[in-house]
Amino acid sequence: MRTVFKLQPQKSALLIIDMQRYFIDKTSSAYVSSSSALLVKIQQLIDVFNKRKQPIVFTRHIDTEDSMMRRWWRDNIEEHDPMSEIIDDFDTNQGMVLAKHQYDAFFDTALDDYLRKKSIQQVVICGVLTNLCCETTARSAFMRGFEVYFVTDGTATYKQEMHDATILNLSYGFAIPVTVDEVIKLLRS
Numbered sequence: 001m002r003t004v005f006k007l008q009p010q011k012s013a014l015l016i017i018d019m020q021r022y023f024i025d026k027t028s029s030a031y032v033s034s035s036s037a038l039l040v041k042i043q044q045l046i047d048v049f050n051k052r053k054q055p056i057v058f059t060r061h062i063d064t065e066d067s068m069m070r071r072w073w074r075d076n077i078e079e080h081d082p083m084s085e086i087i088d089d090f091d092t093n094q095g096m097v098l099a100k101h102q103y104d105a106f107f108d109t110a111l112d113d114y115l116r117k118k119s120i121q122q123v124v125i126c127g128v129l130t131n132l133c134c135e136t137t138a139r140s141a142f143m144r145g146f147e148v149y150f151v152t153d154g155t156a157t158y159k160q161e162m163h164d165a166t167i168l169n170l171s172y173g174f175a176i177p178v179t180v181d182e183v184i185k186l187l188r189s
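When the count follows UniProt numbering, it moves up by one through the sequence shown with no breaks and lands on 189 for the last residue.
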């Protein structure tokens, strides 16, 4: 039996994973068709975190020249390609933009230090892709000692089966599955 955790607004940060044109723009070869449903939901989370003056981190995936990501995928996200930019729907001035080069937002970045300097103990994860960058970041956060809240209706991927498998696996050993409405309710209480 596991411990019951409660989201504590003053100890939480919002991690918005890879909401880039590459995944959200309908003209992209990597377009996630279910991502359009996320825009309003993620904006609601941004609004509540901003109101509480809690940290918001927007990750931006960029493939590096010698990375495994570049070798694995045919298509790559180049730093200067406009498709690599975070979508205009979100005001990134309301948070910090963090460039990352792997699925894991903590790997070889300053994310861990940034969160610890702000006394953050809990992370709320939303964005794309549920089963790759969101899941890997959630597992990494857990391994680093953060309580993880994984937003089930605030993440998206290519197939429902992939999404469901991630939620099942994470909720068993790494994260507390929550909805946007549940997060908002907990942060307002």
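None of these hints come from the bench; they were simulated from the model.
The reader is advised that the hints may include incorrect statements.
Claimed, not checked - Pairwise CB distance ranges, derived in the manner of DEER restraints:
| no. | residue 1 | residue 2 | range |
| --- | --- | --- | --- |
| 1 | GLU78 | VAL4 | 38 to 48 Å |
| 2 | ASP108 | SER28 | 37 to 47 Å |
| 3 | SER189 | ASP75 | 18 to 28 Å |
| 4 | GLN10 | ASP75 | 33 to 43 Å |
| 5 | VAL40 | GLY145 | 10 to 20 Å |
| 6 | ALA110 | ASP66 | 15 to 25 Å |
| 7 | VAL4 | ASP81 | 41 to 51 Å |
| 8 | GLU161 | ASP25 | 33 to 43 Å |
| 9 | MET68 | GLU161 | 37 to 47 Å |
| 10 | ARG71 | ALA99 | 28 to 38 Å |
The beta-carbon is built from N, C-alpha and C at its ideal position, and this holds for glycine as well.
Structure-based check of each hint:
| no. | hint | verdict |
| --- | --- | --- |
| 1 | GLU78 - VAL4: 38 to 48 Å | 44 Å, holds |
| 2 | ASP108 - SER28: 37 to 47 Å | 25 Å, violated |
| 3 | SER189 - ASP75: 18 to 28 Å | 43 Å, violated |
| 4 | GLN10 - ASP75: 33 to 43 Å | 41 Å, holds |
| 5 | VAL40 - GLY145: 10 to 20 Å | 32 Å, violated |
| 6 | ALA110 - ASP66: 15 to 25 Å | 21 Å, holds |
| 7 | VAL4 - ASP81: 41 to 51 Å | 44 Å, holds |
| 8 | GLU161 - ASP25: 33 to 43 Å | 24 Å, violated |
| 9 | MET68 - GLU161: 37 to 47 Å | 25 Å, violated |
| 10 | ARG71 - ALA99: 28 to 38 Å | 20 Å, violated |
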